[in-house]
Amino acid sequence: MKFGKRGTASEMWAPGKIIFWIIFDIMLGLTAVFFIIIVSKFGSGQATIQKNVESLNLMQRFFKSPGCFVYDKENLMRVIDADKFNEQQLNNCYIINNNGMPAFKLNLKSEKAGVDKTAKTSNWNDNIGYEERKAPQNMLVYSNGKLYNGELIIEMQNIR
Amino acid sequence: MEKRGQLVFEALLVIIASGVVISAFVMAGKSYGSQDAYYRLAVAKDLALAIDLMYALPGDVVFTYPNDVSSYDIEIKDYSIRVYSHKSSLDPVVGTYSFAGTSTDKIEVAIRGEKFVRLEKIGNNIKISGVDK
Numbered sequence: 018m019k020f021g022k023r024g025t026a027s028e029m030w031a032p033g034k035i036i037f038w039i040i041f042d043i044m045l046g047l048t049a050v051f052f053i054i055i056v057s058k059f060g061s062g063q064a065t066i067q068k069n070v071e072s073l074n075l076m077q078r079f080f081k082s083p084g085c086f087v088y089d090k091e092n093l094m095r096v097i098d099a100d101k102f103n104e105q106q107l108n109n110c111y112i113i114n115n116n117g118m119p120a121f122k123l124n125l126k127s128e129k130a131g132v133d134k135t136a137k138t139s140n141w142n143d144n145i146g147y148e149e150r151k152a153p154q155n156m157l158v159y160s161n162g163k164l165y166n167g168e169l170i171i172e173m174q175n176i177r
Numbered sequence: 433m434e435k436r437g438q439l440v441f442e443a444l445l446v447i448i449a450s451g452v453v454i455s456a457f458v459m460a461g462k463s464y465g466s467q468d469a470y471y472r473l474a475v476a477k478d479l480a481l482a483i484d485l486m487y488a489l490p491g492d493v494v495f496t497y498p499n500d501v502s503s504y505d506i507e508i509k510d511y512s513i514r515v516y517s518h519k520s521s522l523d524p525v526v527g528t529y530s531f532a533g534t535s536t537d538k539i540e541v542a543i544r545g546e547k548f549v550r551l552e553k554i555g556n557n558i559k560i561s562g563v564d565k
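Chains S and P, in that order, give the protein sequences. Numbering-wise (the numbering used here), the first sequence opens with residue 18 and increments by one. Numbering-wise (the numbering used here), the second sequence opens with residue 433 and increments by one.
You can trust all of the hints, since none of them are fake.
25 Å max Cα-Cα, derived SDA-like pairs, lysine to any residue:
no., chain 1, residue 1, chain 2, residue 2
1, P, K565, P, E546
2, S, K68, P, T528
3, S, K68, S, G146
4, P, K559, S, D89
5, S, K137, P, D510
6, S, K101, P, D492
7, P, K509, S, N109
8, P, K509, S, N115
Chain S residues, not near chain P, derived (Cβ > 12 Å throughout):
no., residue
9, K126
10, G131
11, Y147
12, Y165
Covered stretches of chain S (chain P as the covering partner; in silico rule of three or more C-beta atoms under 8 Å from a C-beta of chain P):
no., stretch
13, 72-79
14, 82-88
None of these hints come from the bench; they were simulated from the model. Positions of the beta carbon are idealized from the N, C-alpha and C atoms, including for glycine.
Model the full structure from these sequences, guided by the hints.
And the structure:
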């Protein structure tokens with residue numbers, strides 16, 4: 018540092034120095050990105066959620082929660098209320114703040130009840146297909162005051 | 433005199449900026465090197481999974497997360513969990529993970545330096561608090 022050097026305030030922000038600071042910022046940013054990439058590559062696996070546990074965990078609410086589609090007037094397990102089964106209800110019981118969360122498309126079918134409904138979560142991308150389709154789950158379907166056999170088919174995107 | 437002052441000011445600015453950058457890298461390096469960054473991310477993921485699973489349960493349930501989290505502050509809001517150091521509010525390494533919420537419940541809580549996290553589901557709502565035992 019040459020404190021004896023003559024300079025003015027305008028020299029401090031002279032064009033040459035501004036270019037220096039711009040290049041410095043870019044280099045600093047690149048270094049930070051490089052650092053993060055290297056660290057994440059060599060990082061421990063202790064924070065990794067194995068396979069698709071999270072997606073399986075998330076879809077449980079569709080089968081079990083009265084807040085989603087489960088019929089809750091009587092003490093019955095695995096009964097889907099056909100009246101509740103719609104996209105609005107699905108997006109009320111599956112609220113997310115980023116599109117990287119698993120996306121689901123559900124299809125409820127019951128021939129005897131005459132039900133064939135589909136609902137998608139808000140982050141479902143229609144332009145790409147599903148990443149995984151679960152085997153149909155046998156469910157009871159409550160419709161017009163009666164119980165019918167039916168099945169629930171779940172397709173997933175952004176599995177994690 | 434004014435010109436020399438400007439040069440000193442410039443040097444100070446460079447020193448402070450360098451100090452901030454170097455200390456951020458040192459803190460991040462220490463955090464990753466000691467596996468602490470992964471632990472706090474694991475805590476965020478564990479809590480997110482626990483919340484996701486509790487929303488799926490039809491009845492009421494109480495669960496105490498058994499890992500010691502007294503070294504961290506935990507913030508839960510906007511369907512996201514943030515875990516960072518209890519000592520430094522300017523922690524550059526934050527463990528963050530999202531969960532799926534419901535329209536009937538909104539979790540907003542901050543747990544600072546308490547040993548365990550207690551999650552309690554009553555009806556369709558989850559209440560989260562810090563407990564020491």
